[in-house]
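Undergrad: Given next are the chains, with one letter for each unit.
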Amino acid sequence: EAGVVQSPRYKIIEKKQPVAFWCNPISGHNTLYWYRQNLGQGPELLIRYENEEAVDDSQLPKDRFSAERLKGVDSTLKIQPAELGDSAVYLCASSLGLAGVSDTQYFGPGTRLTVL
Amino acid sequence: AQTVTQSQPEMSVQEAETVTLSCTYDTSESNYYLFWYKQPPSRQMILVIRQEAYKQQNATENRFSVNFQKAAKSFSLKISDSQLGDTAMYFCAFYPSGTYKYIFGTGTRLKVLA
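From first to last, the protein sequence lines are chains Z and L. Taking the numbering used here, the leading residue of the first sequence gets 1, the next gets one more, and so forth. Taking the numbering used here, the leading residue of the second sequence gets 1001, the next gets one more, and so forth.
Hint data in this document are derived by calculation from the structure and do not stem from the laboratory. Among the hints, erroneous ones may be present.
Claimed, not checked - Lysine-lysine pairs mimicking DSSO-like chemistry, simulated, CA-CA at most 27 angstroms apart:
1. LYS1078(L) with LYS1111(L)
2. LYS1101(L) with LYS71(Z)
3. LYS11(Z) with LYS71(Z)
4. LYS78(Z) with LYS1073(L)
5. LYS78(Z) with LYS16(Z)
6. LYS1111(L) with LYS62(Z)
7. LYS1101(L) with LYS1070(L)
8. LYS1055(L) with LYS1111(L)
Claimed, not checked - Pulled a few chain L residues facing chain Z out of the computed Cβ check, cut under 10 angstroms:
9. PHE1064
10. PHE1091
11. CYS1092
Even glycine gets a Cβ: it sits at the ideal position worked out from N, Cα and C.
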């Protein structure tokens, strides 16, 4: 079974430039998550999708971050414009989406973003 | 607020020895799940082991086992017969049932020495 796929693995941009990350979840997983992981920290949730609906985007900085999951499968996270403080690893995860029970999340390899 | 604390930023262990990583959490929830994830230099977060809070029996997965103390809100990970491939960051995660929200600790960097 293929895991969660993310691209690119690395991205270096100058501040104020736009950047986009792509994620393809495990087949059959309805729930998709985007996390940001700062150096030396655990991941922090940015947004969660159930199918194509963003059901929790309370931690997403909406002035510069946007995300979409148009067909309820793969997803794109965008930053425009990027700031120095956005340098981090952006992780995508997916899960089956089992309401009311533990729903184990499976993570992709992440995209390391460096903003110069 | 629900928090997860990993008090050991770094640890090292000799190959084939046993090491225990600690994790404590703070919650008023009664129904939740706990996880240990491993993140090697490749950055892929890999599920190591999972524990349901309603189960008294400690979870075990091959060389990995947990010591779950619900009253003390403690969830430590024991790695037996450590291997070089166990070198990684280890994150403890707390998951209140039905919230879909993992709360991660800050991680413990484990180095297995040859």
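Undergrad: Hints first: check each against the structure and report whether it holds.
TA: Hints, one by one, checked against the model:
Distance hint between LYS1078(L) and LYS1111(L) is fulfilled; the C-alpha atoms sit about 14 angstroms from each other, no more than 27 angstroms. Proposed proximity of LYS1101(L) and LYS71(Z) is supported: the alpha carbons are some 23 angstroms apart, at most 27 angstroms. Note on LYS11(Z) and LYS71(Z): the hinted pairing holds, with a Cα-Cα distance of about 25 angstroms set against a maximum of 27 angstroms. Simply put, LYS78(Z) and LYS1073(L) have alpha-carbon atoms about 38 angstroms apart, too far for the 27 angstroms limit, and the pair is violated.
Proposed proximity of LYS78(Z) and LYS16(Z) is supported: the alpha carbons are some 13 angstroms apart, at most 27 angstroms. For the suggested pair LYS1111(L) and LYS62(Z), the alpha carbons sit about 38 angstroms apart, so the restraint of at most 27 angstroms is broken. A distance of roughly 20 angstroms separates the Cα atoms of LYS1101(L) and LYS1070(L); the hinted pair therefore holds under the 27 angstroms criterion. For the hint pairing LYS1055(L) with LYS1111(L), the CA-to-CA distance comes to about 31 angstroms; that exceeds 27 angstroms, so the pair is violated.
Evaluation of the PHE1064(L) hint against chain Z yields a violated restraint, the C-beta minimum of about 15 angstroms exceeding 10 angstroms. Here the hint on PHE1091(L) is kept, as its CB sits about 5 angstroms from the closest CB of chain Z, short of 10 angstroms. Of the supplied interface hints, the one on CYS1092(L) holds, with its beta-carbon coming within about 8 angstroms of a beta-carbon of chain Z, less than 10 angstroms.
Hint compliance for this structure: hints 4, 6, 8, 9 are broken, all remaining hints hold.
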